[in-house]
Amino acid sequence: MQITLSTGSLFTLPLPRTLELAAAAGFDGVELIINQDFQKINPVRLIRSLQQIAVIHSIHAPFMPLDGWGGPADSLRRSVALAAECGIPLVNFHPPSWMSFEIGYWRWLYSVIDFQKDVGLDGLVTVTLENMPWVGRMKINPHILSSTQRMIEFIRDHNLFMTFDCTHMGSGKANFINDFYQFYESGRIRNIHFSDYGQGREHLLPGHGMLPLTRFLNHLRNTDYQSTVTLELDPSEFPKAEHIILESLKEILMYLRAETGKQDDAVLNYDRGFQAVPLPEAG
1 MQITLSTGSL FTLPLPRTLE LAAAAGFDGV ELIINQDFQK INPVRLIRSL QQIAVIHSIH
61 APFMPLDGWG GPADSLRRSV ALAAECGIPL VNFHPPSWMS FEIGYWRWLY SVIDFQKDVG
121 LDGLVTVTLE NMPWVGRMKI NPHILSSTQR MIEFIRDHNL FMTFDCTHMG SGKANFINDF
181 YQFYESGRIR NIHFSDYGQG REHLLPGHGM LPLTRFLNHL RNTDYQSTVT LELDPSEFPK
241 AEHIILESLK EILMYLRAET GKQDDAVLNY DRGFQAVPLP EAG
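For the sequence shown, full-length UniProt numbering begins at 1 and goes up steadily by one.
Wrong hints could be hidden among the right ones.
Said to hold, decoys possible - Okay, derived cross-link-like pairs now, EDC-like style, lysine to aspartate or glutamate, Cα gap no bigger than 20 Å in a straight line: (1) K250 / E237; (2) K240 / E20; (3) K117 / D67; (4) K250 / D37; (5) K173 / E242; (6) K40 / D74; (7) K40 / E85; (8) K117 / D157; (9) K250 / D234.
Unchecked claim - Label pairs and their calculated CB-CB ranges: (10) G136 / I41: 34 to 40 Å; (11) K117 / K250: 37 to 43 Å; (12) Q199 / S100: 33 to 39 Å; (13) P142 / R221: 31 to 37 Å; (14) W108 / E153: 16 to 22 Å; (15) M1 / Q52: 22 to 28 Å; (16) N178 / L124: 32 to 38 Å; (17) Q149 / G87: 33 to 39 Å; (18) Q199 / N35: 24 to 30 Å.
Since the hints were derived computationally from the structure, they do not count as laboratory data. All C-beta atoms, glycine included, are put in the ideal place defined by N, C-alpha and C.
Can you build the whole structure from these sequences, using the hints too?
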């Protein structure tokens, strides 16, 4: 199992610095979000330079308009082509929003018969669809395929894989583990976005929200899941000082490895990370 860091977790920093911190903290690599840094430049050249710093395990296709990238369908295809050229094995994308009237994108999504063949270049790049959050006081999910069963049926019928986002699922169901197992049993999960949720706020540090994340990781440890877990946090969860950011990343990574690894050295190393409190002498 690979544990990576989403570059969105530190998007307030320059992109190369984000990868440097991920590498220094010991992550297996990063998920690279295609953002404004990829406008009006040679994206292959930029990615090649970033790959000198850390392994890029996945690309997150743009979820906002970018100059030169076209609409959602075009930007997904361009992300896949970029991944193929740079040897990146997975591209993740968001479904259409019915609330934003993305009708053309919706029709295109349903028109694709086999995503791995038609979009993923005959399986050269794994293409995954991400589940989306419930938002606002009324807890409305503004994206299509918000039903677990409907999404499972869609990804099976259209040969899509999945990125399971904990905070997104937890925004609608605090006990999201049953839904995770439904997706897991479909055999379609290839990436997991990991973070907490609470009080309407997404992508919190583990323990800053209300989700049963440690229990989730323990369940994950007992499955045969061997793909990627991606830490995806809001940058506001970190202090501004980079040395404290680095120490925070190391601590979170130690926790993730301890709770997802088998009961072996990972747990012992995690325990050793805390200073033992001496017991009082017997009086």
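Hint by hint, which ones does the structure fall short of? Failing hints, ascending: 3, 4, 5, 12.
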